[in-house]
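First to last, the sequence lines map onto chains G and C.
Using my numbering, the first residue of the first sequence is number 1, and each one after it goes up by one.
Using my numbering, the first residue of the second sequence is number 1, and each one after it goes up by one.
Bear in mind the hints are in silico, worked out from the structure with no lab data behind them.
Keep in mind that this is a model prediction, so the values were computed, not measured.
Be aware that one or more of the hints could be misleading.
Stated by the list, open to error - Covered stretches of chain C, going by a simulated chain G footprint (3 or more residues, C-beta under 8 Å):
#1 125–132
#2 224–230
#3 245–255
#4 263–270
#5 273–286
Heads up, the beta-carbon is just placed ideally off N, CA and C, and yes, glycines get one too.
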Amino acid sequence: MLHYIGQRLLQLIPVLLGMTFIVFMIIRAIPGDPAQVILGQQASEEAIKALRTSLGLDNPWYIQYFDYLKGLVTGDMGDSLRTRSPVSEEIWPYLAATFELSLFAIIIAVVIGINAGIISAWFQNSWFDYTAMVLALIGVSMPIFWLGLMNQWIFSIELGILPTTGRENVRDPINNITNFYVLDTIIQGDFNQLATVLKHLVLPGTALATIPMAIIARMTRSSMLEVMRSDYVRTARAKGVKMFWVVYKHALKNAIIPVLTIIGLQMGLLLGGAILTETIFGWPGIGRYIYEAIGFRDYPVIQSGILVVAFIFVMINLFVDLLYGLVDPRIKYD
Amino acid sequence: MAETAADKQEMQKVAGPWKEAWRGFRKSKVAVVGMGIVIFFILLAIFGPLFTPQGINEQNLSQRLLPPSSDHWMGTDDFGRDILSRVVYGARISLWVGFLAVIGSVVVGSILGILAGYYGRWVDTIISRLFDIMLAFPSILLAIAVVSVLGPSLRNALIAIAIINVPNFGRLIRSKVLSIKEDEYIMSAKAIGMKDNRILVSHILPNSMAPVIVQGTLAIATAIIEAAALGFLGLGAQAPSPEWGKMLADSRSYLTNAPWTMIFPGVAIMLTVLGFNLMGDGLRDALDPRMKS
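Working from the sequences, and respecting the hints, build out all of it.
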């Protein structure tokens with residue numbers, strides 16, 4: 001196992017280098033003079049020259065890339081062109097907001113998705129099975145941004161039961177400790193604020209959860225159906241084990257492995273989906289951070305935002321890969 | 001010599017792989033419904049604009065934000081433009097982007113995948129690592145990166161979507177080539193002195209096509225959503241284009257008093273994507289021998 005982990009980490013090196021190179025190229029690949037593009041047509045020659053120097057665009061590309069890598073290793077991601085503050089400091093609250101939203105979404109997706117899949121397989125061809133699978137099919141095809149708008153319209157505007165945008169009540173802001181508001185309110189024992197935070201999470205969370213939920217439900221169903229036909233499940237039933245335990249204890253243990261792969265993949269994809277969700281719901285997360293930076297041609301922020309998300313994505317995938325071994329002892333790593 | 005019933009049966013049995021696949025595909029009602037939806041939207045995209053009640057950019061400010069009625073089946077938007085006409089024309093844009101982007105990624109992915117799979121060694125290493133790196137980004141993020149370099153427009157969104165899908169097809173073809181390469185008929189083609197490029201074009205490529213068709217159909221669905229997403233973020237089609245994602249973005253200011261401006265473009269995206277997804281699922285069952293019972 002240790003050998004395998006080492007091997008996977010080694011394989012990661014070229015991928016990480018490649019990633020940083022692609023991100024490094026974003027600014028350099030802009031057609032024409034990047035400094036001119038960033039500052040616009042009206043900019044003076046001196047301003048353009050100054051920006052070019054501060055971005056290091058005067059040096060040969062390999063020196064620029066080496067400097068960029070050196071910066072990254074020491075935690076320097078450059079300064080935002082808009083706010084002038086270091087991206088590495090600015091980025092954390094946004095990242096925490098996205099983590100909170102994504103965690104909330106993946107919990108909804110996993111709890112509902114897995115159970116819907118199990119019940120569908122348990123009562124195969126029942127009305128529940130058909131309804132759940134038709135909903136799952138629609139869910140997979142749902143543009144997340146449209147679902148977000150529909151949620152906003154129905155639950156905020158028509159029914160008025162949930163807030164439209166944001167993370168907190170602006171008139172009664174959260175006392176920020178960790179940037180994870182659910183955690184902050186619990187630490188402070190302020191359960192009214194906790195309710196407000198959870199209310200703000202519901203709409204963006206469910207919008208973001210829809211596609212993974214649908215995919216997890218479909219995968220769980222097909223995986224369970226396969227396992228339920230196996231001999232050991234029949235033996236368990238013949239021994240008189242209650243159907244509930246056969247399904248949730250015996251069958252699920254083996255059926256969960258492919259589902260786990262899907263969950264891992266979905267966690268990564270959530271980060272991509274978060275950009276759209278955050279834009280709709282005014283959620284101050286990393287997606288919105290990148291999105292706003294695009295509007296301001298704030299390339300250091302665009303670069304770092306994309307790099308950080310991609311890095312987390314790769315790490316989640318690695319983690320899921322390693323997790324298999326723990327869940328399924330039959331998997332041998334050589 | 002008279003044909004016996006057994007002969008006829010035998011002939012039916014050897015009715016080519018495509019015919020067999022079609023027979024398998026037809027068995028799935030859901031897949032046929034999916035194909036129906038896809039054909040509907042293709043016809044809508046081709047002929048729809050000929051029959052729309054209004055021009056796509058015909059403004060009528062006295063008729064702003066009217067709810068659906070017999071005059072305007074889907075209502076009007078903030079410029080008094082007929083939403084039905086715009087949604088119909090939007091089908092043309094979305095399908096065009098979906099097909100073209102996927103064709104682009106299939107062509108480039110196939111070339112890279114074949115090179116990697118057939119020649120192996122360092123060619124394979126370089127191409128496979130490139131795919132790994134591209135797949136290390138969440139796809140919409142990579143698309144945003146590409147568009148932020150090229151500048152926002154429908155054409156650049158299309159290019160971005162084509163680029164981000166290349167590694168999916170590339171990997172697929174590579175693995176298919178690797179398995180076909182060792183087949184006996186390729187060995188014998190080599191033994192009789194057939195050149196590499198001829199083997200690639202006339203044997204390996206056609207035999208790798210089935211999974212590409214399946215993946216391609218599903219990829220069109222994703223490409224349509226991605227194009228709409230970029231349009232929604234203001235990074236794809238620009239005003240006054242009736243692109244569905246762009247229409248949704250514009251509808252955001254009118255959620256309270258004119259929700260129909262948001263409902264119909266969204267339904268159109270969802271149905272089109274659903275159609276391609278259902279069809280793709282059906283094709284996979286019909287074309288992928290591993291899934292056959």
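Do the hints match the structure? See the list:
no., hint, result
1, 125–132, "holds (count 3)"
2, 224–230, "holds (count 3)"
3, 245–255, "holds (count 5)"
4, 263–270, "holds (count 5)"
5, 273–286, "holds (count 4)"
Checked against the numbered hints above, the structure violates none of them.
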